[in-house]
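Heads up: the sequence lines are chains D, Z and F, in that order. Quick note on numbering: this note's numbering labels position 225 of the first sequence as 307, and the sequence is numbered without any gaps. Quick note on numbering: this note's numbering labels position 40 of the second sequence as 384, and the sequence is numbered without any gaps. Quick note on numbering: this note's numbering labels position 195 of the third sequence as 213, and the sequence is numbered without any gaps.
Hints were generated in silico from the structure; no laboratory data involved. Watch out, some of these pointers could steer you wrong.
[As the list claims (entries may be wrong)] Using 27 angstroms as the maximum straight-line C-alpha spacing, the simulated DSSO-like pairs for lysine-lysine come out as follows:
1. LYS57(F) x LYS415(Z)
2. LYS569(Z) x LYS415(Z)
3. LYS57(F) x LYS154(F)
4. LYS579(Z) x LYS567(Z)
5. LYS476(Z) x LYS330(F)
6. LYS570(Z) x LYS415(Z)
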Amino acid sequence: MNNHLLDPYRPRTSPVHTLDGRVKFVLTVAFILTTSLTPVAAWPVYMLLFALILSVEILSGLGVGFVFKRALLALPFVLAAFPVIFTNGQTVLFSYNIGIWTLVAHAEGLARFISVTLKSWLSVQAAIVMASSTPFPELLHSMRAVGIPRLLVSMFGMMWRYLFVLMDEGLRLMRARAARSGQSGDASHRSGGSVLWRASVAGGMAGNLFLRAFERSDRIYAAMLSRGYDGEVRLLPLPPMSGATRGALLAGLALLSLLLSFGILFWG
Amino acid sequence: MHHSIEVEQLSFSYPDGRPALVEVALHIAPGEKVALVGPNGAGKSTLILHLNGILTGQGRVTVCGLEVGEKTLGRVRAAVGLVFQNPDDQLFSPTVYEDVAFGPLYLGLGPDEVAVRVCSALTAVSMQSYAKRVSHHLSNGEKKRIAIASVLSMNPEVLVLDEPTAGLDPRARRGLINLLQELPVTMLVASHDLRMVSELLPRMIIMDEGRIVADGLTANLLKDKKLLEAHGLEKPWNPPM
Amino acid sequence: MYSPAPMHIPDGFLSTLVSVVFWMVSAIAVTYALRRVGKDLGERQVPVMGVLAAAIFAGQMLNFSVTGGTSGHLLGAALATILLGPWAAVIVLTSVVSMQALIFQDGGLLALGTNLFNMAIVGVTVSYFVYSSIQKLARGKSWGVFIGGAAAAWFSIVIASLACALELALSGTSPANIAVPAMGGIHMLIGIGEGLITVGALAFLYAARPDLLRAGETANKGSAAVWIFGLGIAALLTALSPLASAHPDSLEWVAEQNGFLEAARAPLYNIISDYSFPGISNTALATIIAGVLGMLLVFGTVLGVAYWRRKKEIDYPQRAPRNTKE
């Protein structure tokens, strides 16, 4: 069974898909950094950044709806920033009485809250576009290109390779559990067992998964040895970057720096 | 004359003391295609793991003129290609290309030579278009072929396969048998699939409880019903034409 | 379906300064852990770390229903530390948290350094401190494994959540007097679930493969530096939390951070202000211009893509269906 429902990569023919993964990776991080450094309440800059990422989404053929739906995942965390509307500030917007407490909303707090929400939403869209338009093996190349140790990169690669295999195994364990989680229909029997029991069953499944993973790692090690593995990480060299690719990278970085300096200069 | 595989008085016990191999001896000549059969637990997989030094027991194992020992492991593993039973254990790189390139890369070949080896290995298993694919998304039959390619790319002299047809549907099984038929290397195949054995492998070694109990022509051994039954085997039924 | 845990901070919530500082701290810690793992595991490190990271990730998928709609999940820092020792646990957790950020956008990319610090570093070191201390108290008796495991799991989750809350407060995103008790409180409950699953897993392994647990113990011996760090960070965060909560005006911290940005900006601004930018200093006008530019960009892209698709159709027209019999 394939678990590529959880694999975000969506193959399409688009310039975004064909663009070198290394460039996409750097530009995505640069975009996120730009939104992070863009000052609070620099609305025009946020608008331009949104227009930029929206255009990329359209260009990629992934579909704006697809990206927006996935972006909703980051939304719940926004609640953590919500209280900041009511902490100190100068310009009072409104106040609300709840029992003995008075909530005073400030314009500065509201601006900060909206800015945080925008930064978060824009950043997550960029990350989604990168993950959905770049096959993971290419992302591994990007990691090597930015200097992450090859040892760590090979561990990542191996983790990704076996992620879906082990998830399938975990899924089978959960199905087996579900298949045995019947309800007797007899009103006097409360089904499900205690929370403690359910937790220990889940724990047993986790332990089982770990055990299978340990034993599998032994077999993989044997397979690696059989093909000459000697402990040293050897990888094929990364393909060179064409002039056009380099150009795209520089253009992207230049555009982002422009937007950022615009923001800092006038709203910092 | 140098045999491809020479095992002399090999014995091996598990860490908990159980004997897995008892005084195993066999000789395989270059070009031979040999089957290794026997019930589960007979020691087939254990024996196979001794052939490239992953396990070491008492006795001597010599492959392609090299005695298997600490110093020769690298060359031994280049000479003996082991294809494991579960292809998921053997395809551990993110893409098919990288898996097939692993062996040549560790042999120290340059990227161009590696590319040549990968291409010819994938061609040998008829999977040239699969280079950029992700191993996880392949069917069981496809994975088995790629696993074989990942070993072929090292240009081994001997190919050792553990249960190659296990878990395959009839079409994939037929494809695999045809593939093995065409490969010109010396072959040792551990298998329960006696129909494949009778079709593909002229010589058969029967193992049971860690010992070799028979070693001869497949055609002859398969006629001996008593021998087969004594060691948990059944004569393959061939439907009347 | 995969559901994000409440401790993975997305991008946008941390100030750039906090993100960068914690990135540097995590990078140093992970690099060091990598070296130590190499020494301990040698050749086996790639397959073992890789597959176990996949197992923890898959294990996080396992849940059990607590009440109605909520369910408990596993983070796995304590379990990884107990089974693999602190250094390997750091690497495994690093892989898991990084993968979650990159592939599932569970946690931001800029915020990844901070998330790694909370889960892979604080989570692991606190687990190590608690577990090894209780093991020493138990003097080798089996209750040490289970009580130690439960306590390590609980503390790792709670202390990591405190770190998370303080980082949010430091960034001015969440007032400390709300974030700290809220995060801490929620995670004290979540920690119970983590403790239960951890003990369940340990019980299974104790019965099925006690040799693996013993192997973990040898990996866990003698990392005095980790023990001290674990104790230190737990103490620090526990002490800081009530202090920060009593200090609702966390924005003061933020102002100081902005001071850096102001200092960097000042000379540039002085140069620019010599030139006059008529109209741009008017925020409303700037917003309108930005809006127009933005819309032009987006519509331009839409038109461009539509044109390119139509052109492809013209160059490679669809074949007419064959409906004549040969």
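Quick rundown of the hints versus the structure:
no.: 1; hint: LYS57(F) x LYS415(Z); in the structure: holds, 22 angstroms
no.: 2; hint: LYS569(Z) x LYS415(Z); in the structure: violated, 44 angstroms
no.: 3; hint: LYS57(F) x LYS154(F); in the structure: holds, 25 angstroms
no.: 4; hint: LYS579(Z) x LYS567(Z); in the structure: holds, 8 angstroms
no.: 5; hint: LYS476(Z) x LYS330(F); in the structure: holds, 25 angstroms
no.: 6; hint: LYS570(Z) x LYS415(Z); in the structure: violated, 44 angstroms
Against the hints set out earlier in the document, violations occur for numbers 2 and 6.
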